[in-house]
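Asker: Protein chains in written order, with this note's numbering: chain A, 64 to 593; chain B, 64 to 593.
Since the hints were made in silico from the structure, they are not lab data.
Every residue, glycine too, gets a C-beta built ideally from N, C-alpha and C.
Any given hint could be a false lead.
As the list claims (entries may be wrong) - Reference excerpt, derived from the structure (chain B facing chain A, CB under 7 Å, subset only):
1. Leu252
2. Tyr257
3. Arg274
4. Pro351
5. Ile518
6. Ala542
2 protein chains.
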Amino acid sequence: MSMKRTSVLLLILLSFYFSSGNCGKVLVWPTEYSHWMNMKTILDELVRRGHEVIVLTSSASILVDPSKPSTIKFEVYPTSLSKDVFEALFMKQIKRWIYDLPKYNFLSYFSHVQEISWNYYERIRHLCKDVVSNKKLMAKLQESKFDVVLADAISPCGELLAQLLKIPFVYSFRFSPGYTFEKYSGGFLFPPSYVPVVLSELSKQMTFMERIKNMLYVLYFDFWFQLIDTKNWDQFYSEVLGRPTTLSETMGKAEMWLIRTYWDFDFPRPFLPNVDFIGGHHCKPAKPLPKEMEDFVQSSGGNGVVVFSLGSMVSDLTEERANVIASALAQIPQKVLWRFDGKKPHTLGPNTKLYKWLPQNDLLGHPKTKAFITHGGNNGIYEAIYHGVPMVGIPLFADQADNIVRMKTKGAAVAVDFSTMSSTDLLNALKTVINDPIYKENAMKLSRIHQDQPIKPLDRALFWIEFVMRHRGAKHLRAAAHDLTWFQYHSLDVIGFLLACVVTVIFIITKCCLFCFQKFTKPGKKGKRD
Amino acid sequence: MSMKRTSVLLLILLSFYFSSGNCGKVLVWPTEYSHWMNMKTILDELVRRGHEVIVLTSSASILVDPSKPSTIKFEVYPTSLSKDVFEALFMKQIKRWIYDLPKYNFLSYFSHVQEISWNYYERIRHLCKDVVSNKKLMAKLQESKFDVVLADAISPCGELLAQLLKIPFVYSFRFSPGYTFEKYSGGFLFPPSYVPVVLSELSKQMTFMERIKNMLYVLYFDFWFQLIDTKNWDQFYSEVLGRPTTLSETMGKAEMWLIRTYWDFDFPRPFLPNVDFIGGHHCKPAKPLPKEMEDFVQSSGGNGVVVFSLGSMVSDLTEERANVIASALAQIPQKVLWRFDGKKPHTLGPNTKLYKWLPQNDLLGHPKTKAFITHGGNNGIYEAIYHGVPMVGIPLFADQADNIVRMKTKGAAVAVDFSTMSSTDLLNALKTVINDPIYKENAMKLSRIHQDQPIKPLDRALFWIEFVMRHRGAKHLRAAAHDLTWFQYHSLDVIGFLLACVVTVIFIITKCCLFCFQKFTKPGKKGKRD
Chain A
64 MSMKRTSVLL LILLSFYFSS GNCGKVLVWP TEYSHWMNMK TILDELVRRG HEVIVLTSSA
124 SILVDPSKPS TIKFEVYPTS LSKDVFEALF MKQIKRWIYD LPKYNFLSYF SHVQEISWNY
184 YERIRHLCKD VVSNKKLMAK LQESKFDVVL ADAISPCGEL LAQLLKIPFV YSFRFSPGYT
244 FEKYSGGFLF PPSYVPVVLS ELSKQMTFME RIKNMLYVLY FDFWFQLIDT KNWDQFYSEV
304 LGRPTTLSET MGKAEMWLIR TYWDFDFPRP FLPNVDFIGG HHCKPAKPLP KEMEDFVQSS
364 GGNGVVVFSL GSMVSDLTEE RANVIASALA QIPQKVLWRF DGKKPHTLGP NTKLYKWLPQ
424 NDLLGHPKTK AFITHGGNNG IYEAIYHGVP MVGIPLFADQ ADNIVRMKTK GAAVAVDFST
484 MSSTDLLNAL KTVINDPIYK ENAMKLSRIH QDQPIKPLDR ALFWIEFVMR HRGAKHLRAA
544 AHDLTWFQYH SLDVIGFLLA CVVTVIFIIT KCCLFCFQKF TKPGKKGKRD
Chain B
64 MSMKRTSVLL LILLSFYFSS GNCGKVLVWP TEYSHWMNMK TILDELVRRG HEVIVLTSSA
124 SILVDPSKPS TIKFEVYPTS LSKDVFEALF MKQIKRWIYD LPKYNFLSYF SHVQEISWNY
184 YERIRHLCKD VVSNKKLMAK LQESKFDVVL ADAISPCGEL LAQLLKIPFV YSFRFSPGYT
244 FEKYSGGFLF PPSYVPVVLS ELSKQMTFME RIKNMLYVLY FDFWFQLIDT KNWDQFYSEV
304 LGRPTTLSET MGKAEMWLIR TYWDFDFPRP FLPNVDFIGG HHCKPAKPLP KEMEDFVQSS
364 GGNGVVVFSL GSMVSDLTEE RANVIASALA QIPQKVLWRF DGKKPHTLGP NTKLYKWLPQ
424 NDLLGHPKTK AFITHGGNNG IYEAIYHGVP MVGIPLFADQ ADNIVRMKTK GAAVAVDFST
484 MSSTDLLNAL KTVINDPIYK ENAMKLSRIH QDQPIKPLDR ALFWIEFVMR HRGAKHLRAA
544 AHDLTWFQYH SLDVIGFLLA CVVTVIFIIT KCCLFCFQKF TKPGKKGKRD
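Bound-form chain A, shown alone (with noise of 0.2 Å):
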């Protein structure tokens, strides 16, 4: 009977729970550039919705800046590293990508691809660490009793910290090099015949020697993620929560991966309950540019418009790339906005404005804009998307290429490459889009999927965010391959007993019939030894 009582009282008070609208309290571990760009749209709306957004940033944040004015609370902690040198690091690394690495083969690039990855990762435990081991704040954390953790899976901590706090955590993801973090932390599923890999640049439809170069990647990265790239990560948690168990496991116990695409931008593939696809949720109507970019852009009558940015981590480039694009927009009728912060290239032409800053989002959606010429990052490509607008793409790193190949598979873009191009390449890249009326058309094809979806991407999000604060955690979505080894996942002990049972019945069926063919075929030898 008092059982009873009390489960009528648990129910009563999750009753008041779920009526009173409650709102939550939301720790957050960014990660720095169009990552934070992209998250803060979802926190921007947290706040909106009266929940309380504390986010964590080290005071060497370089995007993630606590000085600028927000709704948005921010938890600074102290790291050894200052600002410039860490914003040093990553240009470092960015323009090593973009400048050095197209020169090397397919292993040398991977080797420093590898490479580029361990130095962010070894930076990103650095201020994991610097978090954890700080016991003022993390007394700090535990005492503002937090209901969920969002983190971008991307700089892992994020769920070292919600184990810490004992509270559930939801991820906002695009991808890890190879989905190596999707497989083995989340469960998802890649099926190699027709999912070409993250950073493969294969499309949907392979050839017989493309499904070759898939597998291969497939195998590369796995032996990557599985060997080598996680064993610091490993014994970094097993210390810090005082039992042993690995980044995949901790990685693993996400109750909602919110995963930063959708199949108007990706190709269709398998996913999980806990996965729902946000891509776009920054997205929004075009607002009015300031008068003077208006008046630039009205200036260039039918003609139009070109828009061109190479996304938050690069405006600027070396004389000669930026001369050979300043040179193939001088020759195009459209007026340009080009973001750009280096030294005013001498083939410019009069077409063409320099800006240290765009209102990209607004500049997409002004009805003048003819192309956009964008590296293929995430953010961009799907503002391009929302406004149906025809895209040249110059891929600069990390999965941009990847981000550019679907864009070229769905018709809306063409791609050139950045260290070999030369003006014509881009001109007629440009002619192409703009032109020919199918990118147009392909393009607002995407724009209507995209906007025709069961609730907005951003409603998506914080549904589920709010979601897992509200019934703490999300665990009728977990599927249960969480709970076994890989040789079980892949029922191979399964399928090694069954084939065990088989080899001892042929065994058994084999030594039978050579019993009666030995016993009921040699009667005479017998009978002479008899």
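Starting from the structure of chain A, add chain B where the hints point.
Answerer: What follows is chain B alone, placed relative to chain A:
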């Protein structure tokens, strides 16, 4: 320039189409009994939203009855079967499944299930032939210019009609035996290590022996489906479409699969982007009961009532089973409302009232309802989930035992075996779910999960049907898996090629080593020969 103009015109036309709130024409290929009751909710909502819905039904239809008042339109086609014969055929097979099959061992059981299934598919093929060979009807359907076919995938033909009418089609679906339609037509993935195959009655947390059992079920169903069951359909479809095709290939062209479960009910498993889960879309708040029934419910006082129904197909039982059940019901303090249309059991207690029909959803939503005794049909279980009512499961046939396993695993039900249960077994089961508060708590938890979704299941179903009409399909959700042969899909050609390369390399290295070994270790012999 002319192309440009055409493209602009096309864009204007498309924009007009999307902004005008265009209503469409839906052709429906239904399935009888509970499948029809379930689909009717979607059709009523389609009509409410202004779409024209025409259901193809045979002159022998049972529940898909054009004579009943409805806003849905029916197109009745003649068939050689009479309604009585059609109904008798159904009932014969169901009774066989309930009373005869439990006596058999694994192989006999499934060979009987297989036979029942073949009989069913033979009848459906008969009906399908009646439609596609009816030239007048087909001409009328062609002229009607439908936008989409909505079909229950368990009864093929909808996809054939869609192909003949050259329009897209959407499935509503619960399951096929062994998930074979889903795998071979839809490209769904069911990893045998953590996804118990339907009809196996296994749970998601499987022991080693259960995983072996699951693998054997997978192999059994694969063999059954691949080698035997579909050949008649393949031949029929090839003849009608005038080209070699298969049932799987034709079904695989579905734009969307609307699966009638969700993770409040089923175990989490992978799925593809063109799959959505609409389980419980038919559920709604309870309406007031008829006066006589409400008086009976109220007369239960604090003890409350138990609702008992064995679904739309079973309203009668053998005298012996009915008495065992009635005797158990007579011993509980609750009042019982039992949907029963047979001879009144002599053990019937004064607390139990028999009804030929029950307003099941309204009763389950009544605050006095303490438990639901159910055969485990999808519709009834979802009504219990929606209203948070714990269950006693008496599964009879098809997926019912699997459904009850799901509710048992989630702690919202106790199961008893229909063939072997005694009155005490049923009585104990009832006492457990009524008196142990954990069952109510778990049922309420499922209810909360069910009611806390980004959008309601019915709205999601409607969204996708309307999306397919708006965009003439949903090709962006279609995985490239459909373009591969089975050996390409499983990467067998790639694995074979890579293994051949490895073997070749090992062979060459071994040969080189042997050559070197012979060359450098036996100089004496060589010298001698010289």
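Asker: For a quick check of understanding: which of the numbered hints are violated here, in increasing order?
Answerer: Number 4 only.
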